[in-house]
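Visitor: Here is how the chains run, residue by residue.
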Amino acid sequence: MEKTLPKIEIIEKYCKGCHICVEFCPKDVLEMKGFYASVKNLEACIKCMQCELRCPDFAIKVITE
Amino acid sequence: MAFDYDKWIRPGKLPHIWCPGCGHGIVMKGLIRAMDSLNLKKEETAVVSGIGCASRLPGYIDCCTLHTAHGRAAAFATGVKMAKPEMNVILVGGDGDGTAIGGNHFIHACRRNINMTYIIMNNYIYGMTGGQFSPCTPTGHKASTTPYGNPDPGFDIAKLAIGAGATFVARGTAFHANQIDKLIAEAIQHKGFSVVEILDDCPTTYGRRNKYKSVIEMMNRLKEVAVPVKAAEKMTAEQLQGKILTGVLYKDETKPEYTAEYAKVIERAQAAK
Ligand SMILES: Cc1ncc(C[n+]2csc(CCOP(=O)(O)OP(=O)(O)O)c2C)c(N)n1
Ligand code: SF4
Ligand code: SF4
Ligand code: SF4
Ligand SMILES: [Mg+2]
Chain A
1 MEKTLPKIEI IEKYCKGCHI CVEFCPKDVL EMKGFYASVK NLEACIKCMQ CELRCPDFAI
61 KVITE
Chain B
1 MAFDYDKWIR PGKLPHIWCP GCGHGIVMKG LIRAMDSLNL KKEETAVVSG IGCASRLPGY
61 IDCCTLHTAH GRAAAFATGV KMAKPEMNVI LVGGDGDGTA IGGNHFIHAC RRNINMTYII
121 MNNYIYGMTG GQFSPCTPTG HKASTTPYGN PDPGFDIAKL AIGAGATFVA RGTAFHANQI
181 DKLIAEAIQH KGFSVVEILD DCPTTYGRRN KYKSVIEMMN RLKEVAVPVK AAEKMTAEQL
241 QGKILTGVLY KDETKPEYTA EYAKVIERAQ AAK
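Read top to bottom, the protein sequences are chains A and B. The numbers in this note's numbering rise by one with no breaks, and the one at position 32 of the first sequence is 32. The numbers in this note's numbering rise by one with no breaks, and the one at position 9 of the second sequence is 9.
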């Protein structure tokens with residue numbers, strides 16, 4: 001079965017560059033790019049939602065399906 | 001699927017004012033998920049606060065909200081609940097607001113066992129005003145007003161609440177984000193005064209002074225100190241040294257609830273006419 005990838009949306013208007021999503025992603029999917037969080041390796045995402053859950057700023061959404 | 005926070009946020013209010021990495025946003029998200037999971041109606045739900053960074057929370061939430069005077073959330077919330085006992089009344093605020101200037105209101109709300117939920121975001125400091133020590137700042141820690149280390153012992157909010165008469169007391173942390181909504185939802189469902197302490201982080205005024213290099217270090221400390229109550233049962237006193245218990249710490253469903261008792265007073269008074 002082919003793995004379906006989520007869409008990870010980072011709302012730069014809300015992101016405060018705190019690193020929390022990057023640091024606590026278990027699969028190293030995210031990185032800081034300049035001030036903001038950004039997707040580095042979507043292929044590795046396991047849709048655990050940790051990044052969305054932990055972001056204090058409502059700035060990251062993991063959209064599945 | 002991504003959780004739809006937008007339906008609980010007042011349009012145009014984001015980004016919020018909290019600093020990068022401040023845990024208050026994580027707690028607010030937990031509260032929103034809890035309210036959503038219980039299908040609370042916005043017009044039947046009031047979120048009430050005092051003053052402080054944590055107390056800014058109601059400004060963002062799309063339901064009935066009150067942002068009141070420093071330390072007085074419990075007094076205003078009690079007024080709302082007494083006037084409209086059918087409402088879900090949720091108090092939010094910081095450790096300074098709730099245990100310093102508002103300490104008296106806090107213990108008396110506990111004592112009455114009035115059916116409300118109090119979420120107290122404990123970042124061990126007065127964040128908003130630049131990092132003065134609070135009654136929750138641990139001994140030896142630094143604040144702008146204790147540059148050589150705090151000589152005072154800090155309050156244990158949970159023990160204080162239990163001692164004062166609260167009938168549901170829980171503790172979570174900003175690191176354990178997926179537990180926050182569950183603790184709050186259980187607290188809201190409890191019929192009586194429920195207290196949920198969330199150990200929080202203030203990187204700006206507390207972390208900096210106490211040698212935390214980053215928000216991540218503060219989050220990792222919360223991860224390390226927290227021990228779920230169930231796990232603690234199997235641990236020795238030595239293993240529990242320096243740890244903080246999390247989860248539901250206390251629950252008593254037998255004590256009379258205040259608005260129900262007060263309704264009886266009204267009945268007696270009317271019968272005596
Ligand atoms: C009557 C009164 N006294 C003092 C203040 C100043 N003041 C504003 S917020 C605050 C402390 C807030 O600390 P806490 O409740 O822990 O919230 P945090 O900012 O840490 O989230 C103080 C002392 C005030 N606003 N009103
Ligand atoms: S959903 Fe999980 S794996 Fe995917 S980016 Fe977020 S934290 Fe990483
Ligand atoms: S956790 Fe949120 S605010 Fe922090 S860097 Fe990631 S997207 Fe930005
Ligand atoms: S000063 Fe501290 S408590 Fe206030 S918003 Fe900044 S990090 Fe949060
Ligand atoms: Mg505080």
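Derived from the structure by calculation, the hints contain no laboratory data. Every residue gets a Cβ at the ideal spot worked out from N, C-alpha and C, and that includes glycine. Careful: at least some of the hints might be erroneous.
Stated by the list, open to error - In silico DSSO-like cross-links for lysine-lysine, where the CA-CA straight-line distance does not exceed 27 angstroms: (1) B:K182 <-> A:K33; (2) B:K7 <-> A:K61; (3) B:K142 <-> A:K13; (4) B:K191 <-> A:K47; (5) B:K13 <-> A:K13; (6) B:K182 <-> A:K61; (7) A:K7 <-> B:K213; (8) A:K40 <-> B:K182; (9) A:K13 <-> B:K7; (10) A:K47 <-> B:K159; (11) A:K47 <-> B:K182.
Claimed, not checked - Just a sample of chain A residues kept apart from chain B, beta carbon distances all over 12 angstroms, derived: (12) K13; (13) E31; (14) S38; (15) K40; (16) A44; (17) L53; (18) K61; (19) V62.
Visitor: Please verify whether K47 (chain A) and K182 (chain B) have alpha carbons no more than 27 angstroms apart.
Guide: holds (21 angstroms)
Visitor: Would the pair K40 (chain A) and K182 (chain B) pass a check requiring their Cα atoms to be no farther apart than 27 angstroms?
Guide: violated (32 angstroms)
Visitor: Holds or violated: K182 (chain B) and K33 (chain A), Cα atoms, limit 27 angstroms.
Guide: violated (34 angstroms)
Visitor: Given the hinted pair K47 (chain A) and K159 (chain B), is their Cα-Cα distance within 27 angstroms?
Guide: Violated, at roughly 38 angstroms.
Visitor: Taken at face value, is the distance from the CA of K7 (chain B) to the CA of K13 (chain A) at most 27 angstroms?
Guide: Between K13 (chain A) and K7 (chain B) the Cα gap is close to 18 angstroms, so the pair holds against 27 angstroms.
Visitor: Just double-check K61 (chain A) for me: nearest Cβ-Cβ distance to chain B has to come out over 12 angstroms.
Guide: It is violated; K61 (chain A) is separated from chain B by about 4 angstroms at its closest Cβ, not greater than 12 angstroms.
Visitor: Taking the closest pair, is the beta carbon of E31 (chain A) still more than 12 angstroms from chain B?
Guide: holds (14 angstroms)
Visitor: Are the Cα atoms of K182 (chain B) and K61 (chain A) separated by 27 angstroms or less?
Guide: holds (21 angstroms)
Visitor: So if I understand the rule, the pair passes when the alpha-carbon distance is 27 angstroms or less; does K7 (chain B) with K61 (chain A) pass?
Guide: holds (15 angstroms)
Visitor: K13 (chain A): least C-beta distance to chain B exceeds 12 angstroms?
Guide: violated (7 angstroms)
Visitor: With d taken as the least Cβ-Cβ distance between L53 (chain A) and chain B, does d exceed 12 angstroms?
Guide: violated (5 angstroms)
Visitor: Check the non-interface label on A44 (chain A): least C-beta distance to chain B beyond 12 angstroms or not.
Guide: holds (19 angstroms)
Checked against the numbered hints given earlier, the structure breaks hints 1, 3, 4, 7, 8, 10, 12, 17, 18, 19 and satisfies all the rest.
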